[in-house]
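Peer 1: The listed protein sequences correspond, in order, to chains A and B. Take full-length UniProt numbering: the last position of the first sequence gets the number 372, and nothing is skipped along the way. Take full-length UniProt numbering: the last position of the second sequence gets the number 368, and nothing is skipped along the way.
Because the hints were derived from the structure by calculation, they are not lab data. Worth double-checking, as some hints may not be accurate.
Quick list of in silico lysine to aspartate or glutamate cross-link-like pairs, EDC-like style, CA-CA up to 20 Å [stated by the list, open to error]: (1) A/Lys308 <-> B/Glu278; (2) B/Lys279 <-> A/Glu320; (3) B/Lys286 <-> A/Glu242; (4) B/Lys28 <-> A/Glu367.
Distance windows between CB atoms, simulated [to be verified]: (5) A/Leu217 <-> B/Asp58: 49 to 55 Å; (6) A/Ile306 <-> B/Glu302: 37 to 43 Å; (7) A/Pro363 <-> B/Ser270: 25 to 31 Å; (8) B/Glu318 <-> A/Val294: 37 to 43 Å.
In silico negatives: residues of chain B with every beta carbon more than 12 Å from chain A [to be verified]: (9) Lys79; (10) Cys85; (11) Phe86; (12) Lys104; (13) Pro111; (14) Pro116; (15) Ile127; (16) Leu167; (17) Leu192; (18) Arg206; (19) Asp222; (20) Ser313; (21) Leu327; (22) Asp355; (23) Val362; (24) Pro365.
Think of the CB as a built atom: it goes at the ideal place given N, C-alpha and C, for glycine as much as any other residue.
In case you want the letters, here they are:
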Amino acid sequence: MLTSPIFLEQEVSTEDGLNRSMMRKIIHVDMDCFYAAVEVRENPQLQGKPVAVGGSPQSRGVVAACNYEARKFGVHSAMPMSRAFQQCPNLITTPVHMDLYKQISGEIHQIFQDYTDQIEPLSLDEAYLDVSESSHCGGSATLIAQQIRERIFDTQRLTASAGVAPNKFLAKVASDWNKPNGQKVITPDDVQEFVKALPVKAISGVGKVTAKRMSELNIETCEDLNKMGLDKLNQYFGSFGEQLYKYSQGIDTRPVQTHWVRKSLSVEDTFAQDLPDLESCLLELAKIYAELLVRLERAQKKQRLIPKALFVKLRFDDFETTTIQMVGNKPDKHAYMRLCADAWRRGQRPVRLIGLGLQFNPPDMPEQLRLI
Amino acid sequence: MKLTISKETLLDQLTHVVGAVEKKHTSKILENILIQVSENQLSLVGTDLEIEMSSKLDIQAEEPGQITAPARKLFDICKALPADCFILFETEGERLHIKGLRSKFELATLPAEEYPLLDDIPIQNEITIPEKDLKLLMEKVSFSMANQDVRYYLNGLLLELSDNKLLAVSTDGHRLAVSEFTVEDLKLDSPLKIIVPRKGILELTRLLDSTSEIPVALQISDNHIRVHKDNIRFTSKLIDGKYPDYQAAIPSNCQHNIELDREQFRDTLSRVAILSNEKFRGIRLKLQNGVMVLHSNNPENESAEEEIDINYSGELFEIGFNVTYLLEAVNHLEGKIVHLELSTPDSSALLHSSDDLQTRYVVMPIRL
Numbered sequence: 001m002l003t004s005p006i007f008l009e010q011e012v013s014t015e016d017g018l019n020r021s022m023m024r025k026i027i028h029v030d031m032d033c034f035y036a037a038v039e040v041r042e043n044p045q046l047q048g049k050p051v052a053v054g055g056s057p058q059s060r061g062v063v064a065a066c067n068y069e070a071r072k073f074g075v076h077s078a079m080p081m082s083r084a085f086q087q088c089p090n091l092i093t094t095p096v097h098m099d100l101y102k103q104i105s106g107e108i109h110q111i112f113q114d115y116t117d118q119i120e121p122l123s124l125d126e127a128y129l130d131v132s133e134s135s136h137c138g139g140s141a142t143l144i145a146q147q148i149r150e151r152i153f154d155t156q157r158l159t160a161s162a163g164v165a166p167n168k169f170l171a172k173v174a175s176d177w178n179k180p181n182g183q184k185v186i187t188p189d190d191v192q193e194f195v196k197a198l199p200v201k202a203i204s205g206v207g208k209v210t211a212k213r214m215s216e217l218n219i220e221t222c223e224d225l226n227k228m229g230l231d232k233l234n235q236y237f238g239s240f241g242e243q244l245y246k247y248s249q250g251i252d253t254r255p256v257q258t259h260w261v262r263k264s265l266s267v268e269d270t271f272a273q274d275l276p277d278l279e280s281c282l283l284e285l286a287k288i289y290a291e292l293l294v295r296l297e298r299a300q301k302k303q304r305l306i307p308k309a310l311f312v313k314l315r316f317d318d319f320e321t322t323t324i325q326m327v328g329n330k331p332d333k334h335a336y337m338r339l340c341a342d343a344w345r346r347g348q349r350p351v352r353l354i355g356l357g358l359q360f361n362p363p364d365m366p367e368q369l370r371l372i
Numbered sequence: 001m002k003l004t005i006s007k008e009t010l011l012d013q014l015t016h017v018v019g020a021v022e023k024k025h026t027s028k029i030l031e032n033i034l035i036q037v038s039e040n041q042l043s044l045v046g047t048d049l050e051i052e053m054s055s056k057l058d059i060q061a062e063e064p065g066q067i068t069a070p071a072r073k074l075f076d077i078c079k080a081l082p083a084d085c086f087i088l089f090e091t092e093g094e095r096l097h098i099k100g101l102r103s104k105f106e107l108a109t110l111p112a113e114e115y116p117l118l119d120d121i122p123i124q125n126e127i128t129i130p131e132k133d134l135k136l137l138m139e140k141v142s143f144s145m146a147n148q149d150v151r152y153y154l155n156g157l158l159l160e161l162s163d164n165k166l167l168a169v170s171t172d173g174h175r176l177a178v179s180e181f182t183v184e185d186l187k188l189d190s191p192l193k194i195i196v197p198r199k200g201i202l203e204l205t206r207l208l209d210s211t212s213e214i215p216v217a218l219q220i221s222d223n224h225i226r227v228h229k230d231n232i233r234f235t236s237k238l239i240d241g242k243y244p245d246y247q248a249a250i251p252s253n254c255q256h257n258i259e260l261d262r263e264q265f266r267d268t269l270s271r272v273a274i275l276s277n278e279k280f281r282g283i284r285l286k287l288q289n290g291v292m293v294l295h296s297n298n299p300e301n302e303s304a305e306e307e308i309d310i311n312y313s314g315e316l317f318e319i320g321f322n323v324t325y326l327l328e329a330v331n332h333l334e335g336k337i338v339h340l341e342l343s344t345p346d347s348s349a350l351l352h353s354s355d356d357l358q359t360r361y362v363v364m365p366i367r368l
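Build out the structure end to end from the sequences listed, making use of the hints.
Peer 2: Here's what the structure looks like:
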């Protein structure tokens with residue numbers, strides 16, 4: 001029998017043998033349709049109209065972000081722009097202004113810094129904040145979240161939503177709860193009740209495929225997940241099972257990671273025209289490879305990166321996607337060419353997208369010296 | 001096609017033939033094996049386009065014919081049928097019926113004409129070597145082969161044939177294994193180097209018997225290697241590539257030569273390994289006057305420490321290793337005493353045994 005697991009997980013054992021019960025306070029801040037909102041702010045005449053940010057449909061671009069007016073028509077991010085126009089003929093599109101988003105994101109980050117230095121940015125528009133040690137607002141995470149959102153709106157004229165909870169998993173679920181421009185607090189006392197009724201789809205990491213499998217097993221809520229038991233979850237969901245079981249009890253011990261660790265690096269390109277055969281793929285591969293080297297060099301300036309695998313991703317004209325990878329400790333053009341040829345043979349069709357990438361060893365890995 | 005055969009006879013052959021076939025393949029026929037029946041012979045073939053396993057059995061068939069059927073399913077069915085049972089195979093249109101006692105199965109098939117078979121192979125060299133010695137040679141070396149490495153020539157085993165000598169080498173870039181076997185009467189115009197792919201080596205090892213003294217023939221062409229054993233014929237393509245200079249990777253004149261009781265060293269390593277980092281498997285060896293201290297710890301801050309008395313005198317010497325690499329080397333050496341030769345914490349270690357002079361293992365350290 002697990003009693004009050006939310007307390008057990010937080011027990012920190014100190015060297016003198018004392019146990020200190022430490023409840024964390026995590027805020028997940030999520031900007032509301034960030035890119036699209038910035039575009040509307042810059043062009044007020046777009047206000048109230050469906051807007052999508054992304055590449056043009058002629059060059060086969062995809063939607064990078066869209067506002068709520070566009071979402072009403074079923075437009076969503078990563079959708080091909082041509083599809084988006086079919087769904088919403090009045091859609092207004094704007095190109096991506098990444099430099100501007102980065103600048104605004106940096107300014108918002110400065111606001112976070114006033115409350116804590118325990119910040120884990122997930123992307124330009126999302127971050128976890130650990131405010132357990134913060135003395136602002138009388139130590140109330142709820143008030144801190146409120147204040148951060150107000151300050152973002154006052155300085156940027158952009159709205160943000162926030163979730164406040166004892167861990168990252170619940171904070172992320174909560175920020176989605178009253179979106180847009182809202183916030184939700186899950187106190188430690190609420191956790192058990194809240195999690196019970198939580199649909200599994202709300203768990204990050206449970207996508208369409210996993211949700212469907214769960215549905216086949218009659219798992220709809222976290223309570224159902226919990227009843228399954230750890231052994232069954234391990235059996236059905238492999239390495240994800242243990243994490244699911246913890247989530248189903250509202251437990252998540254992952255710390256807010258202030259130092260971002262790069263696990264992989266990749267460069268991909270979607271072509272304006274499909275590449276008809278393997279030869280044309282290999283020609284394009286050379287350009288992508290050159291770009292990969294540039295990005296690797298840039299990334300290596302920021303942290304120590306030791307490659308462990310090389311991979312190639314191909315998307316064929318029927319949208320079938322295949323990835324192939326091999327062990328390797330440095331980028332190698334010929335190896336990529338061989339992988340590309342092997343991947344191409346799986347489909348033997350015109351190719352729409354090529355991606356080249358590297359996976360890295362964790363940075364705490366001791367350095368294995370090489371013989372040859 | 002129609003024939004009856006005893007379960008055990010068939011299973012003996014199927015085990016090896018099925019080993020060549022990939023479990024999942026984008027081309028469905030490559031998940032199948034080829035079954036060919038003439039009036040007095042049953043032939044089975046499995047392939048993944050890189051290796052081929054074929055078997056020929058003398059039988060009395062009721063009706064000749066040929067077909068391909070799913071390898072894995074066929075094998076699982078035959079294995080699961082009761083012992084001493086006779087199995088009837090019969091084709092009906094595009095279906096293959098399998099019957100045994102009161103069991104009946106019906107499998108989907110694909111046409112035999114579409115099954116890819118290796119072309120004739122012009123054999124240029126042939127050497128014979130007792131079966132058990134060939135198996136042992138491969139076992140001593142194969143564990144260091146790379147797996148799915150972009151340096152494709154490392155995903156296999158180097159066989160080097162020269163006068164009176166067969167030498168096997170493998171390396172994954174972090175460690176290296178080399179072992180040789182004396183083949184009397186072996187005369188070659190020039191030394192021969194071939195790289196046999198990983199899967200071929202593993203299947204060939206599985207095929208050979210570790211107790212049999214019967215000589216088997218290794219037949220080698222420019223692009224293939226072939227071995228006959230009883231009713232089974234194993235063929236593998238060779239990897240076309242240049243193997244790294246393994247001799248340059250074997251250290252000589254090491255500064256320290258530590259003598260260790262093999263079993264004691266092995267058991268100590270296994271115990272210390274328990275609390276090493278599960279992913280990286282790093283352990284620390286400390287040499288000080290008369291004693292080696294082995295130490296491990298993991299991210300949970302648990303730790304293990306052991307001591308072994310050794311013949312060392314000098315300054316404190318510390319070096320880190322992936323404990324799996326050391327264990328595998330020590331496990332594959334024969335004899336009571338092993339030698340661990342070391343020079344600096346950044347240079348390779350050599351492991352060997354005076355009872356097993358043909359075999360040497362090289363392991364690169366890790367920086368802890």
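Peer 1: Now tell me, hint by hint, if it's right for this structure.
Peer 2: Now the hints, each set against the structure:
1. Among the hinted pairs, A/Lys308 with B/Glu278 is consistent with the structure: their alpha-carbon atoms are about 17 Å apart, no more than 20 Å.
2. For a cut-off of 20 Å, the pair hint linking B/Lys279 to A/Glu320 is broken: about 33 Å separates their Cα positions.
3. For the given pair, B/Lys286 sits about 38 Å from A/Glu242 by alpha-carbon distance, which is inconsistent with the 20 Å threshold.
4. Pair hint B/Lys28 plus A/Glu367 does not hold up; C-alpha atoms about 42 Å apart against a cutoff of 20 Å.
5. Judged by the Cβ atoms, the range 49 to 55 Å given for A/Leu217 and B/Asp58 holds: they are separated by roughly 52 Å.
6. Range check, A/Ile306 to B/Glu302: about 26 Å between beta-carbon atoms, so the 37 to 43 Å window is missed.
7. Under the hint 25 to 31 Å, the C-beta atoms of A/Pro363 and B/Ser270, about 29 Å apart, fit the expected range.
8. With their beta carbons about 39 Å apart, B/Glu318 and A/Val294 fall inside the hinted range of 37 to 43 Å.
9. No beta-carbon of chain A comes within 12 Å of the beta-carbon of B/Lys79; the shortest separation is about 24 Å.
10. Even its closest Cβ contact with chain A, about 33 Å, leaves B/Cys85 beyond 12 Å, as expected for a residue assigned away from the interface.
11. At roughly 38 Å, the least C-beta separation between B/Phe86 and chain A is larger than 12 Å, which holds for a residue marked as non-interface.
12. The beta carbon of B/Lys104 sits about 31 Å from the closest Cβ of chain A, which is more than 12 Å, so the claim that it is off the interface holds.
13. With a closest Cβ-Cβ approach of about 21 Å to chain A, B/Pro111 is found to remain outside the 12 Å limit, as its non-interface label requires.
14. At the 12 Å boundary, the C-beta of B/Pro116 stays outside the reach of chain A, the nearest C-beta of that chain being 14 Å off.
15. No Cβ of chain A comes within 12 Å of the Cβ of B/Ile127; the nearest lies about 28 Å off, and the non-interface call holds.
16. No Cβ of chain A comes within 12 Å of the Cβ of B/Leu167; the nearest lies about 17 Å off, and the non-interface call holds.
17. Non-interface call for B/Leu192 relative to chain A: holds, since the shortest CB-CB distance, roughly 22 Å, exceeds 12 Å.
18. Against chain A, the non-interface label of B/Arg206 holds: every CB pair exceeds 12 Å, the least being about 24 Å.
19. Its beta-carbon lying about 21 Å from the closest one in chain A, B/Asp222 satisfies the requirement of being farther than 12 Å from that chain.
20. The non-interface label for B/Ser313 is consistent with chain A: the shortest C-beta to C-beta separation is roughly 26 Å, beyond 12 Å.
21. Residue placement check: B/Leu327 keeps its beta carbon more than 12 Å from all beta carbons of chain A (closest about 16 Å).
22. Every C-beta of chain A lies more than 12 Å from that of B/Asp355, the closest at about 25 Å, which supports listing it as non-interface.
23. Residue-level check failed: B/Val362 sits 6 Å from the nearest beta carbon of chain A, not beyond 12 Å.
24. With a cut of 12 Å on Cβ distances, B/Pro365 falls inside the contact zone with chain A, its closest approach being about 6 Å.
Violated hints, in rising order: 2, 3, 4, 6, 23, 24; the structure is consistent with all others.
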